[in-house]
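Undergrad: Protein chains in written order, with our numbering: chain U, 141 to 915; chain H, 207 to 302.
Among these hints, one or two may not hold up.
Now the stretches of chain H that chain U is said to cover, found in silico as 3 or more residues with beta-carbon under 8 Å [what the hints assert, rightly or not]:
#1 211 to 221
#2 238 to 249
#3 268 to 280
Don't read these hints as lab results, they were simulated from the structure. Glycine included, every Cβ here is placed at the ideal spot set by N, Cα and C.
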Amino acid sequence: MTRRDLLRSMAAAAAISAAEAMFPGILFGAAGSPGTGAAELTPSDGGVTWRKTPCRFCGVGCGLLVGVSNDRAVAVKGDPASPVNRGLCCVKGYHSVMALYGKDRLTRAMVRKDGKLVPVPMKEALDLIASKMAETIKAHGKDAVAMYGSGQWTIPDGYVASKLMKGAIGTNNLEANARLCMASAVTGFMTSFGLDEPMGCYDDIDHADVFVLWGNNMAEMHPVLFSRLLERRLKNPAVKIIDLATRWTRTSMAADRSILFKPQTDLAIANAICHEIIRTDAVHEVFVRDHVSFHEGKTHIGYGLEDKFTFKDEPKTIDLARYRELLADYSVEKVEALSGVPARELRYLASLYADPKKKVMSLWCMGFNQHTRGTWINNLVYNIHLLVGKIATPGNSPFSLTGQPSACGTVREVGTLTQRLPHGDVTEEKARKLAAEIWGVPVERIAAKPTYHTVEMFRAVDRGDIRFLWIQVTNPMVTMPKLRRYRDGLRKDDRFIVVSDVYPTPTTDVADVILPSAFWIEREGMWGNSERRTQHFERMLPPPGEAMSDTWQMIEVARRLGFEKLFPWSEATHIQEIWKEYRRFQAGPEHEMAPYEELRRRPGVMWPFVNGKETKWRYNGQYDPAAKAPFDFYGKSDHRAWIWFRPYEAPPEVPDAQYPFWLNTGRVLEHWHTGSLTRRIPVLHQAVPAAYVEVHPNDARRLNIVNGGRVRLTSRRGTLILPAQIDGRARPPEGQVFVPFFDESYLINELTLDAFCPISGQPDYKKCAVRLERA
Amino acid sequence: MPIKSYLAYPVRGRSDELAAALRRLSGCQVFAAVNRDVLVLVTDTPHEAADEALQGALADIPTMDALALVAGIGDAIIDSEATPAGAHQEGPHDPA
Chain U
141 MTRRDLLRSM AAAAAISAAE AMFPGILFGA AGSPGTGAAE LTPSDGGVTW
191 RKTPCRFCGV GCGLLVGVSN DRAVAVKGDP ASPVNRGLCC VKGYHSVMAL
241 YGKDRLTRAM VRKDGKLVPV PMKEALDLIA SKMAETIKAH GKDAVAMYGS
291 GQWTIPDGYV ASKLMKGAIG TNNLEANARL CMASAVTGFM TSFGLDEPMG
341 CYDDIDHADV FVLWGNNMAE MHPVLFSRLL ERRLKNPAVK IIDLATRWTR
391 TSMAADRSIL FKPQTDLAIA NAICHEIIRT DAVHEVFVRD HVSFHEGKTH
441 IGYGLEDKFT FKDEPKTIDL ARYRELLADY SVEKVEALSG VPARELRYLA
491 SLYADPKKKV MSLWCMGFNQ HTRGTWINNL VYNIHLLVGK IATPGNSPFS
541 LTGQPSACGT VREVGTLTQR LPHGDVTEEK ARKLAAEIWG VPVERIAAKP
591 TYHTVEMFRA VDRGDIRFLW IQVTNPMVTM PKLRRYRDGL RKDDRFIVVS
641 DVYPTPTTDV ADVILPSAFW IEREGMWGNS ERRTQHFERM LPPPGEAMSD
691 TWQMIEVARR LGFEKLFPWS EATHIQEIWK EYRRFQAGPE HEMAPYEELR
741 RRPGVMWPFV NGKETKWRYN GQYDPAAKAP FDFYGKSDHR AWIWFRPYEA
791 PPEVPDAQYP FWLNTGRVLE HWHTGSLTRR IPVLHQAVPA AYVEVHPNDA
841 RRLNIVNGGR VRLTSRRGTL ILPAQIDGRA RPPEGQVFVP FFDESYLINE
891 LTLDAFCPIS GQPDYKKCAV RLERA
Chain H
207 MPIKSYLAYP VRGRSDELAA ALRRLSGCQV FAAVNRDVLV LVTDTPHEAA
257 DEALQGALAD IPTMDALALV AGIGDAIIDS EATPAGAHQE GPHDPA
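With these hints in hand, go ahead and build the complete structure from the sequences.
TA: What follows is the structure, given as structure tokens:
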């Protein structure tokens with residue numbers, strides 16, 4: 141099959157998908173059966189076989205059908221059988237398989253010799269990794285080796301990483317890039333409900349009357365899910381979409397109302413809504429009395445700017461009266477002055493949540509999570525829903541969206557974070573005992589104390605506390621905040637860096653060993669999306685050259701380290717065997733996972749999966765087999781959801797005379813994260829070939845900046861020159877600029893600050909101060 | 207735009223005739239839906255002039271009720287390698 145054949149097939153797939161969106165259930169070809177996810181075109185279509193997989197990109201988890209012919213992926217269409225996307229894809233999904241075929245795919249292992257990376261046989265590279273790991277542990281202790289993975293890891297990748305690092309070696313030096321995107325969502329869930337991940341699901345969209353998008357440009361970041369919101373409104377004109385954000389975007393354009401607020405003041409806005417709900421006697425008194433408890437924690441909790449920063453909250457139980465007193469500073473009038481949002485808009489927002497006839501869905505993603513008070517703002521949105529009893533029922537849903545295909549499935553559920561195990565925290569004796577029993581290791585080997593979250597882990601590499609770091613499926617030399625410090629740290633002479641990836645990146649540039657990875661459908665795996673849906677994909681294609689799955693790379697190294705007995709599986713069946721072992725951790729009605737055979741058969745299965753049935757709404761006795769009452773927040777020992785008083789606190793760095801602009805960073809529709817995949821897809825690259833800085837036209841006029849002209853951005857940490865964009869796809873308010881981070885040629889994280897939420901450890905990429913000049 | 211895909215809608219009840227007419231044209235590939243009156247048409251022409259000529263021929267088919275363009279892939283994309291110029295270049299990645 142030629143490149144031209146592939147492009148022709150993709151054009152056909154785009155049209156077939158469009159037809160499927162317009163005519164649900166449409167069939168093309170005698171053998172076609174989209175409803176089973178096993179559609180095939182007629183033989184005249186070139187013998188293409190269609191197989192199901194979740195999309196490679198974001199956390200929505202769209203189901204795709206990939207057309208395969210002669211060991212090559214030739215086409216993509218949305219899977220009509222997938223309840224997530226119902227046959228639709230976004231522009232990234234439609235072009236996803238082209239990411240398999242970039243001409244600079246890594247196909248051979250590379251080892252740095254005399255300062256240069258040279259190709260070596262895979263076996264030699266794996267031998268070297270194992271010997272360096274063993275040597276480092278012997279010389280510096282087990283906490284001198286670390287692994288840094290990803291929300292793009294498959295569930296088996298994450299499971300093997302956890303077993304290797306925590307069960308075999310005995311260190312908690314395991315982190316993943318989801319710390320940079322989802323950690324505050326996790327700590328938000330844990331502190332409010334005692335268990336991670338949403339209570340609702342995407343079906344909530346089909347029931348809600350109001351959608352409040354908190355700092356979330358869904359039209360670009362979760363386009364297929366956003367189309368479901370638009371479809372809901374199209375069918376029900378009374379439905380309202382409210383965009384609450386710090387800059388005007390495509391989402392604002394599509395929304396019924398756009399409300400702009402000053403950075404960080406979402407904390408105050410959420411409190412103002414709660415204040416107004418209480419002031420207008422709109423509290424759902426029965427729900428609150430029976431299912432909620434009130435708490436406050438420490439304040440002035442810091443920002444983690446110094447190495448070895450630690451924080452431990454001290455929750456105190458309070459009552460509604462005390463909570464009301466604490467909210468006294470958050471009247472709509474006071475918050476108008478702080479946030480810039482008119483009091484009437486704040487009252488309007490409160491009235492939407494308070495109206496007993498309206499079902500309300502709140503949605504958020506990085507705006508909340510990448511926040512120095514990320515845990516708090518997650519708590520605060522739950523507070524609103526809990527006060528009015530709008531939670532865990534169809535259409536009433538605070539819903540945390542995710543950015544990667546398996547930030548939930550792998551990082552959060554398998555627990556590839558320093559403090560986590562596949563079930564529970566390392567600090568819990570019961571969790572360590574369960575892990576030791578399933579893994580067949582002495583319980584004492586599993587360390588009871590977390591070590592470093594991501595920022596601290598890279599600081600530890602810089603300091604030399606960590607000497608060996610293995611990075612898989614992620615590109616931290618683009619994504620780490622205050623990047624220069626961490627890049628210089630990894631480049632130090634006595635550090636040994638291993639990078640497993642599919643393409644060269646700024647991270648492979650700092651590697652001592654590069655392992656070529658099998659990509660997506662070149663191996664078997666599972667991912668878990670934002671709505672607790674686990675999706676299986678099979679190996680459809682042979683990986684190029686010596687490329688090997690990340691799972692098998694780790695197993696090979698583990699065996700070389702002497703842990704053969706812990707990793708006994710055969711290459712042919714290891715994914716099935718790993719799944720079987722992993723399921724033991726999640727047994728029980730609170731988190732039961734579907735059997736392997738069910739995952740192979742269905743376009744994803746939501747957990748808890750009990751007696752052959754998915755659980756769409758947790759904590760609700762009508763739907764959730766683990767709930768013992770109409771509402772039962774069983775994650776907390778008091779079986780109540782926790783309302784936390786969390787105040788507004790300013791960020792650590794705000795604009796001043798020297799650095800008068802806010803810098804916000806993020807993504808664009810066409811590119812995914814650091815662009816290492818989407819920049820190799822010609823259609824997407826040509827659509828947005830380079831990063832830029834969005835500037836408000838008044839600021840541009842004042843500073844003599846023209847559209848496309850060069851602009852110098854300077855923060856206390858670095859300088860970057862890049863082209864200006866004025867009134868392009870989005871417009872920041874005056875005094876703010878926005879830069880996307882997908883382009884490795886413009887490393888915006890040279891400028892960002894490595895401040896983080898003290899509870900979650902997640903950095904804030906949305907706020908720091910910069911100076912803006914015409915270059 | 208040498209490669210394009212369309213949804214082609216036949217005059218009511220004349221789907222088979224439309225499919226046959228399209229298949230007779232050079233550079234056309236047709237996928238007919240089996241349970242709806244709609245066809246997917248993919249055209250592949252060597253250059254813009256041929257594409258324009260084909261457009262004219264499509265417009266002349268009497269059994270065609272409507273034709274909606276879904277995707278178009280131009281010469282620059284077809285001729286480009288899978289790795290665009292913007293992909294990784296090893297270097298220090300230092301800011302300006």
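Undergrad: When I compare C-beta atoms, does the stretch 268 to 280 of chain H have three or more residues closer than 8 Å to chain U?
TA: holds (count 4)
Undergrad: Taking 8 Å as the C-beta cutoff, is the stated coverage of the stretch 238 to 249 of chain H by chain U satisfied by three or more residues?
TA: holds (count 9)
Undergrad: With a Cβ-Cβ cutoff of 8 Å, does the stretch 211 to 221 of chain H contain at least three residues near chain U?
TA: holds (count 3)
Going through the hint list in order, the structure satisfies each hint without exception.
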